[in-house]
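**Q** Chain by chain, the residues:
Protein chains: 2
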Amino acid sequence: MTERTSLLLTDLYQLTMLQAYFDQGMADTAVFEFFVRKLPSGRNFLMAAGLEQVLDFLEDLRFTPAELDWLTGCGRFHRRFVDSLRDLRFTGEVQAMPEGTVFFADEPILRVVAPLPQAQLVETRIINLLQFQTMVASKAARVRLAAADKLLVDFGLRRAHGAEAGLLSARASYLAGFDGTSTVLAGMNWGIPLYGTMAHSFIQVHDGEVDAFEHFARSYPKACTLLINTFDTEAAARRLVPLAKKLAGEGITIQAVRLDSGDLAAHARQVRRILDEGGLPGISIFASGNLDEHRLAELVAAGAPINGFGVGTRMNTSADQPYLDCAYKLQEYAGLARRKQSEGKATWPGRKQVYRSYGADGLMTGDVLTTTDDVAPGEPLLVPVMRQGRRLANMPVLNAVREHAHAELARLPVPLRALAPATAPYCVTLAPPLRQLAEEVDRRIQADLIMRKSRCQQTA
Amino acid sequence: MTERTSLLLTDLYQLTMLQAYFDQGMADTAVFEFFVRKLPSGRNFLMAAGLEQVLDFLEDLRFTPAELDWLTGCGRFHRRFVDSLRDLRFTGEVQAMPEGTVFFADEPILRVVAPLPQAQLVETRIINLLQFQTMVASKAARVRLAAADKLLVDFGLRRAHGAEAGLLSARASYLAGFDGTSTVLAGMNWGIPLYGTMAHSFIQVHDGEVDAFEHFARSYPKACTLLINTFDTEAAARRLVPLAKKLAGEGITIQAVRLDSGDLAAHARQVRRILDEGGLPGISIFASGNLDEHRLAELVAAGAPINGFGVGTRMNTSADQPYLDCAYKLQEYAGLARRKQSEGKATWPGRKQVYRSYGADGLMTGDVLTTTDDVAPGEPLLVPVMRQGRRLANMPVLNAVREHAHAELARLPVPLRALAPATAPYCVTLAPPLRQLAEEVDRRIQADLIMRKSRCQQTA
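Listed in order, the protein sequences are those of chains F and E.
Following our numbering from start to finish, the first sequence increments by one per residue and tops out at 460.
Following our numbering from start to finish, the second sequence increments by one per residue and tops out at 460.
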């Protein structure tokens, strides 16, 4: 549903590695997994998102003639290799956690099994898609937990990092529990409910606030939200009372007012009193302006009479944690498990599954991370989503994903739902078969090194 | 050069305001300016970027038939209004600071002068384009200042916020002084020099590091960069020495090695020693991994023998400051200056110009912010870039922009080039005519309110 992105939106090394594989005839089956190395500081959980766009990308994967021409002319690749890219398609399989699933550090949320060149080429864009939506959904889930049952609208398009970030953050935040967005294209693409108010400029181009309010209300007689903080918030609320009554006589309804600056709780209380005393208890109060989960929790705790919130920049950019420490790493090639041993960046090898257990109260009690050959108690979280390059028919629609996310938050252990870090983090156990596999891989790498060292010494 | 973005990638309120303007017949000339309210915490300056994409957007501005159909069917807009959008084009003018120009809080970097509906509709996307590239260029300029003359390559596509963020951050960082990027599409679109190394997976699919190094070098005999931290960095460097000599005998050159984990300065020193002692002083050392301007400054200060850096996530997401406190605000409508008075968000009214002065040493000494009717000493920074909806012919190409940015950094007062906040911030003076205009606007708003209040009381 999003626009197709050029396959050249990738790192140069993907293409140079592919040519080296081509030169060496290396095209056995490779297995890569995407996971987050550790939870962002202060966070208790993450929420998987972005799978739908990854599958779109894999299904549509191909080089255009213009891209192939550019590769031919750029001086880095030989013609036989570029020719081999002409018919390149993604023919592999994908297993993944459904979008909206809660997950933790080291747990793979997506596995790609495909011929090496395909599985390697897709790395950059898969990370680019999965990390962003997962980051935003994880942040938005916190905002939802803080907001209790208040209306939540994504207002962040303008300060999102470019077009796709704006569009996909509308999707990711809706998935995680927002009620809608102001981003029109997200409404057109996915049917996400749209919300909007008015800008200060609308007030300013009129000679007075009351004229602006009246004009807007007449254009939207069934429901409109009026912005009342351009000059003096309470004065605007007082001026609104006679106008709202006059318009009501003509069947025109003012639905809400919006506050956008100053002490939102104090303004909301005064505006609520003015509207109530003016006989307008039906006009609700909507607030925006530099909000995040912490600010929302304060406003909710203070009992501020605010019915809904527009949350933008700090949610869409995940401002406190604007990236995840995530990776898409080789786990197996040509039937052998593989492992990276770099300092601080070592990975668990092989194809993995996550099994999740629940208590009698339905809350999550712990996960087991193990190899796919092993079976552990609990529910396996990674499921097949693509075979032979085609997505399976059972992919959920966005509203079903949103319901799943909602259910996941309800299954979170209570301390993990708090904004503050839980004293005891969620328990993810590494099963013995996975530890054994890691040791086997280490032994094999060590044996390789010793063998090569002795060969080296013999030839030296 | 980037893909056209749907005009529905906007906030709903832009369209609802447009319909209200249509209903009221309000289409006089409006003037909006984009500016940053205050510098991000700890920063000494910002660098303007993104103008080229804004002009692309304005020149191509139109609704497609599918978008118009959706607007008709969505239930919020009447047919006469949607019909009026069919022929909507941007016919206004734009003045702006050239990309690469250093600027400060409250200084407009772009002004749009157009019929109200056009000038309003473009708000969301203009902010979305200008804030992102300006944010990245400003961060990348700091990285460049910290890196002295080391090679700097953008590695951030994978963790950028979506496709456009990845692509445009390659452009913004190049503009601000990076030497190139790993993002292939940025090479194709703008001719930005491309750099790449290899991934750990390339090592891991081979049975040993030396095989992997040799295969890669044979595919890129003129120049290749080998990643040496997959298992043990120094051991890899030692194994590389005999291989490099063997390959050199066949005319194959290894250009560089890459470090990507651990204590980069310590590894670089040891690897440099191993390579030098092995008779390979020509192989340079390239480092990557969680780098930003502070880390780079440390490595440079420590004299680490590193020739170049790959800087990714923290630069592309501007991780310490992932958004700017920026706005696109109405300054004038129908010939009258306008001003927002909201608490903490008041704006300076009217069309403005920035005049910059320089000392005898060529360094910037201070700016004056004033009305366009006024003339102050110094060089005016905003220049015409678009008239009647068409860009002017004299727009600089990207390499010229990059040279301008380089010259700007060289003209920065020395304390502002430091990473730490300067004790004395750069001096931006508000000229008396601008203060007078603000007072006039305030008096007009006040008079309006009093007049309306008395009208209200008469009718109450």
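Derived by calculation from the structure, the hints in this document are not laboratory data.
Accuracy of the hints is not assured; some may be wrong.
No copy labels: a pair is met if it fits in one copy or bridges any two.
Calculated cross-link-like contacts (lysine to any residue; reagent style SDA-like; alpha-carbon spacing at most 25 Å) [claimed, not checked]:
id: 1; residue 1: Lys245; residue 2: Ala256
id: 2; residue 1: Lys345; residue 2: Ile252
id: 3; residue 1: Lys222; residue 2: Gly362
id: 4; residue 1: Lys38; residue 2: Asp23
id: 5; residue 1: Lys38; residue 2: Ala319
id: 6; residue 1: Lys245; residue 2: Ala27
id: 7; residue 1: Lys345; residue 2: Ala256
id: 8; residue 1: Lys222; residue 2: Arg80
id: 9; residue 1: Lys38; residue 2: Arg79
id: 10; residue 1: Lys345; residue 2: Leu68
id: 11; residue 1: Lys345; residue 2: Ala297
id: 12; residue 1: Lys245; residue 2: Asp83
id: 13; residue 1: Lys38; residue 2: Asp292
id: 14; residue 1: Lys245; residue 2: Gly303
id: 15; residue 1: Lys222; residue 2: Leu68
id: 16; residue 1: Lys150; residue 2: Trp70
id: 17; residue 1: Lys345; residue 2: Arg80
id: 18; residue 1: Lys38; residue 2: His404
id: 19; residue 1: Lys222; residue 2: Pro421
id: 20; residue 1: Lys150; residue 2: Trp190
id: 21; residue 1: Lys245; residue 2: Asp374
id: 22; residue 1: Lys345; residue 2: Ala447
id: 23; residue 1: Lys222; residue 2: Gly208
id: 24; residue 1: Lys222; residue 2: Glu343
id: 25; residue 1: Lys38; residue 2: Gly389
id: 26; residue 1: Lys245; residue 2: Asp28
**Q** All hints are to be evaluated individually against the structure, with a verdict given for each.
**A** Evaluated hints:
Taking identical chains as interchangeable, the C-alpha atoms of Lys245 and Ala256 lie at most 25 Å apart only when both belong to the same chain, with a minimum of 14 Å there against 76 Å between chains. For a Cα distance limit of 25 Å, the shortest separation of Lys345 from Ile252 qualifies neither inside one copy, at 62 Å, nor across copies, at 31 Å. In this assembly of identical chains, Lys222 and Gly362 lie within 25 Å of each other by CA distance neither inside one copy nor across copies; the values are 43 Å within and 61 Å between. Proximity of Lys38 and Asp23 under a CA criterion of 25 Å is satisfied in neither setting, with 37 Å inside one chain copy and 54 Å between copies.
Both within a single protomer and between protomers do Lys38 and Ala319 lie at most 25 Å apart by alpha-carbon distance, with minima of 18 Å and 17 Å respectively. For a Cα distance limit of 25 Å, the shortest separation of Lys245 from Ala27 qualifies neither inside one copy, at 74 Å, nor across copies, at 29 Å. For the homomeric pair Lys345 and Ala256, the shortest alpha-carbon distance between copies (22 Å) is at most 25 Å, but the shortest distance inside one copy (51 Å) is not. Proximity of Lys222 and Arg80 under a CA criterion of 25 Å is satisfied inter-copy only: 19 Å between copies versus 64 Å inside one chain copy.
In this homomeric assembly, Lys38 and Arg79 never come within 25 Å of each other (Cα to Cα): the closest approach is 42 Å inside a single copy and 52 Å across copies. In this homomeric assembly, Lys345 and Leu68 never come within 25 Å of each other (Cα to Cα): the closest approach is 35 Å inside a single copy and 50 Å across copies. Taking CA atoms no more than 25 Å apart as the test, Lys345 paired with Ala297 passes between copies only; the shortest distance there is 24 Å, against 36 Å inside one copy. For a Cα distance limit of 25 Å, the shortest separation of Lys245 from Asp83 qualifies neither inside one copy, at 72 Å, nor across copies, at 33 Å.
Both within a single protomer and between protomers do Lys38 and Asp292 lie at most 25 Å apart by alpha-carbon distance, with minima of 22 Å and 20 Å respectively. Taking the shortest Cα distances, Lys245 and Gly303 never come within 25 Å of each other, neither inside one copy (28 Å) nor across copies (74 Å). In the homo-oligomer, the alpha carbons of Lys222 and Leu68 lie at most 25 Å apart only across protomers (22 Å), although the nearest pairing inside one protomer, at 54 Å, exceeds that limit. Taking the shortest alpha-carbon separations for Lys150 and Trp70, neither the intra-copy value of 52 Å nor the inter-copy value of 29 Å comes in at or below 25 Å.
In the homo-oligomer, the alpha carbons of Lys345 and Arg80 never lie at most 25 Å apart, since the shortest distance is 36 Å inside one protomer and 60 Å across protomers. In this homomeric assembly, Lys38 and His404 come within 25 Å of each other (Cα to Cα) only inside a single copy, at 24 Å, whereas the closest approach across copies is 41 Å. Taking the shortest alpha-carbon separations for Lys222 and Pro421, neither the intra-copy value of 44 Å nor the inter-copy value of 52 Å comes in at or below 25 Å. Taking the shortest alpha-carbon separations for Lys150 and Trp190, only the intra-copy value of 22 Å comes in at or below 25 Å, while the best inter-copy value is 46 Å.
Taking identical chains as interchangeable, the C-alpha atoms of Lys245 and Asp374 are never at most 25 Å apart, the minima being 69 Å within one chain and 47 Å between chains. Taking the shortest Cα distances, Lys345 and Ala447 sit within 25 Å of each other inside one copy (21 Å), while across copies they are farther apart (66 Å). In this assembly of identical chains, the alpha carbons of Lys222 and Gly208 lie at most 25 Å apart only when taken from the same copy (23 Å versus 70 Å across copies). Taking the closest pair of Cα atoms, Lys222 and Glu343 never come within 25 Å of each other, the shortest separation being 62 Å inside a single copy and 31 Å across copies.
Within a single copy, Lys38 and Gly389 get their C-alpha atoms no closer than 30 Å, and across copies no closer than 49 Å, so neither meets the 25 Å cut-off. Taking the shortest Cα distances, Lys245 and Asp28 never come within 25 Å of each other, neither inside one copy (74 Å) nor across copies (31 Å).
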